[in-house]
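With chain E's structure known, arrange chain X on it following the hints.
Below, each chain spelled out in residue letters.
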Amino acid sequence: MLEISSLRAGYGALEVLRGIDLSISAGEIVAVLGSNGAGKTTLNANISGLYRLFGGSIRFEGEEISKHTPERIVAAGVIHVPEGRRVFPNLTVRENLELGAYRRARARRSANLDRVVATFPRLSERFDQKAGTLSGGEQQMLAIGRGLMAEPRLLILDEPSLGLSPLLVEEMFELIRRLNDDGLSVLLVEQNVVQSLEIADRAYVLENGAIAMQGAAEALIEDEGLRRSYLGLA
Amino acid sequence: MLDPILLWSGLVNGLLQGAIYALVALGLTLIYGVLHIINFAHGSLLMLAMYGVFLLFSQFGIDPYAALPIMVVGMFVLGYGLQRGLISRASHGRDENILLVTLGISIVIENLALFFFQGDTRTIDVPYAFDSLEVFGVFIAIPRLIAFAAALLIAGLLWLMIQRSDVGRAIRAVAKEKQGARLVGINVEHIYAVSYGVGIACLGAAACLLMPTYLVYPTVGHAFVLIAFTVVVLGGMGSFPGALLGGLLIGLCESFGGLFLGESFGQIGIFLVFIVVLLFRPSGLLGSRV
Chain E
1 MLEISSLRAG YGALEVLRGI DLSISAGEIV AVLGSNGAGK TTLNANISGL YRLFGGSIRF
61 EGEEISKHTP ERIVAAGVIH VPEGRRVFPN LTVRENLELG AYRRARARRS ANLDRVVATF
121 PRLSERFDQK AGTLSGGEQQ MLAIGRGLMA EPRLLILDEP SLGLSPLLVE EMFELIRRLN
181 DDGLSVLLVE QNVVQSLEIA DRAYVLENGA IAMQGAAEAL IEDEGLRRSY LGLA
Chain X
1 MLDPILLWSG LVNGLLQGAI YALVALGLTL IYGVLHIINF AHGSLLMLAM YGVFLLFSQF
61 GIDPYAALPI MVVGMFVLGY GLQRGLISRA SHGRDENILL VTLGISIVIE NLALFFFQGD
121 TRTIDVPYAF DSLEVFGVFI AIPRLIAFAA ALLIAGLLWL MIQRSDVGRA IRAVAKEKQG
181 ARLVGINVEH IYAVSYGVGI ACLGAAACLL MPTYLVYPTV GHAFVLIAFT VVVLGGMGSF
241 PGALLGGLLI GLCESFGGLF LGESFGQIGI FLVFIVVLLF RPSGLLGSRV
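Residue numbers (full-length UniProt numbering), protein chains in the order written: chain E, 1 to 234; chain X, 1 to 290.
Next up, chain E with everything else stripped away, as it sits in the complex (with noise of 0.2 angstroms):
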C-alpha cells in the first residue's frame, strides 16, 4: 500500500533522515518508534507532503506521490493526524470534524459525522464547544475523528498518546485496534514502545535518521537490545 524507499529528508541543510525503507500492506498497523529527535515527525510530515524530500520514493497504491501537494496527498487517502494534534481552536468541534470532510468524502459528510460521533460519544457534548476549550485527551479524539471524517485508506497517527492520562492511552490505544479491525491501515508512530508493539503487526526502530531495527511485532518485543535500550530492562 505505502512504499517508502532510501528517504532522505530534513529541514533546510540539515539532514535528518538518512535513507529510510519502510513500507505498510493493506489492513496492517505498523508502528515507527524512536525516541525524541529520532525523525519519527520529519517522516510523517515528508509522506504528508508538508515538506519536500532530499531523495528516495514514497508510492502510495503504486504511485508516486512524493512530489504531490498535501491536498492531493489527502486526495487520494493518506490522513495524517499530527502530533500536538493541530485542531482549529477558534472553530467548534463540529466545524472541525466538518472540515475533515473538505477535501475527501464531502458527500457522505453527515452520515461519517455520525459514525465519528458513534465512537467518540464524549464529542457530542461538547459539539457546539470551541476546539480550544477542549481538554488534550478529548482534542486528540476530535484530532482523529476529522482524520475519520475524510475516510481514510492509510491512516497516519502521530503520537496519539502523547499528554494523556494513562487510563486515556489504554483506551486510545484499544481504539486504534479496533478500528484497524474494520479495515483500516495504520501507520503508527510512537514512544510508548510496549503498547504500540502490542497493538502493531510490524514495527521499525528510528534512532539517528535510520532503521536500527525492523521486524514482526512480537519478535521485537522479545529483543533484548530494544528491552534494554527502551524499556531500561535488563
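To be clear, the hints were calculated from the coordinates, so they are not data collected in a lab.
One or more of the hints may lead you astray.
[What the hints assert, rightly or not] Per label pair, the in silico range of CB-to-CB distance:
| id | chain 1 | residue 1 | chain 2 | residue 2 | range |
| --- | --- | --- | --- | --- | --- |
| 1 | E | Thr133 | X | Ile142 | 43 to 49 angstroms |
| 2 | E | Arg122 | X | Gly156 | 33 to 39 angstroms |
| 3 | E | Glu151 | X | Phe116 | 51 to 57 angstroms |
| 4 | E | Gln129 | X | Trp159 | 19 to 25 angstroms |
Just so you know, even glycine gets a beta-carbon here, dropped at the ideal spot from N, CA and C.
This is chain X only, laid out in the frame that chain E set:
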C-alpha cells in the same frame, strides 16, 4: 443647549459615514485576521476602485450602482491575483516582506493614477446625486442612505459566508492553524488569495457606494485608510463585528466632534475615543484577549 435637530442630524450623518468606514475596515480586518499582515495597499486599491467606477460611468455610461457586481468581481479577481501572483511570491512567507510588498504596490498604483489622471479631482454626475429624504427635520441624501443600507447588507452577507460556508470555515481554519489546514487538504495559498480577494472586493463595493456623492483623486485612499486602521484596532484586530461596531462608532465620533469642535478639530474626537478605548480594552472592543 444644542438644538435637538442638530444632534439628530449629527447622529444620522455619523452613522451614514460610519457604515462606509466599516465596509472599508471589514476588508482590512479580514486580511489581517487571516494573513496576519497589515495591507498597506488598502487605500490605494480603494482609490483604484473609485477610478474604476468613474471610468465605467464616464466611458460606458454605467451607473455606479449597476457597476457594483462588475466592481466586486473585478476587484476580487485583482486581489486574488495580487496575493497569489505577487505578494506571496515576493515575500517568501516573511511578514516584514509582505508589509513592504503591499507598501510598494500602493506606491505604484498611486503614481500610475497620478500619471493617467493627474492630480485633479473628478466626480461623476448622476441625476439622483442631490435627491434627499426628510426624516424628522433632517434631510438625508438618498445615495448616502443607499450606501448605509448596502454596507450593512454586505457586512451581513460576508459574516454569513465566513460563518456558514465551507470556504468561510476554511478561511477561519487557516487563520489559526495553517498546518492543520494543510493536513485536511485545504490549499492554504488558495485560501490566502481568496481572503485577500474578498477583502479587496469590499473596496470595489465601497467605491460604487461612495462615488455618487464623493470625488476621486490619486490620494483619496489616505483619508479612508487611516480611519479604517483606527476602526480595525478599535474594534479588535481581525474581528468582524468589531469592524462594524468600530466603523459606526468612529463615524459618530467624527460627526459629533465636527459638531462640537468645528470641522477641522472634529477628527480629534476620533482619536480621543480611540485612546480611551485602548486604555481600558487593549485588544479592542470585541477583540479576543491574546
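Identify every previously stated hint that the structure contradicts and give their numbers, smallest first.
none
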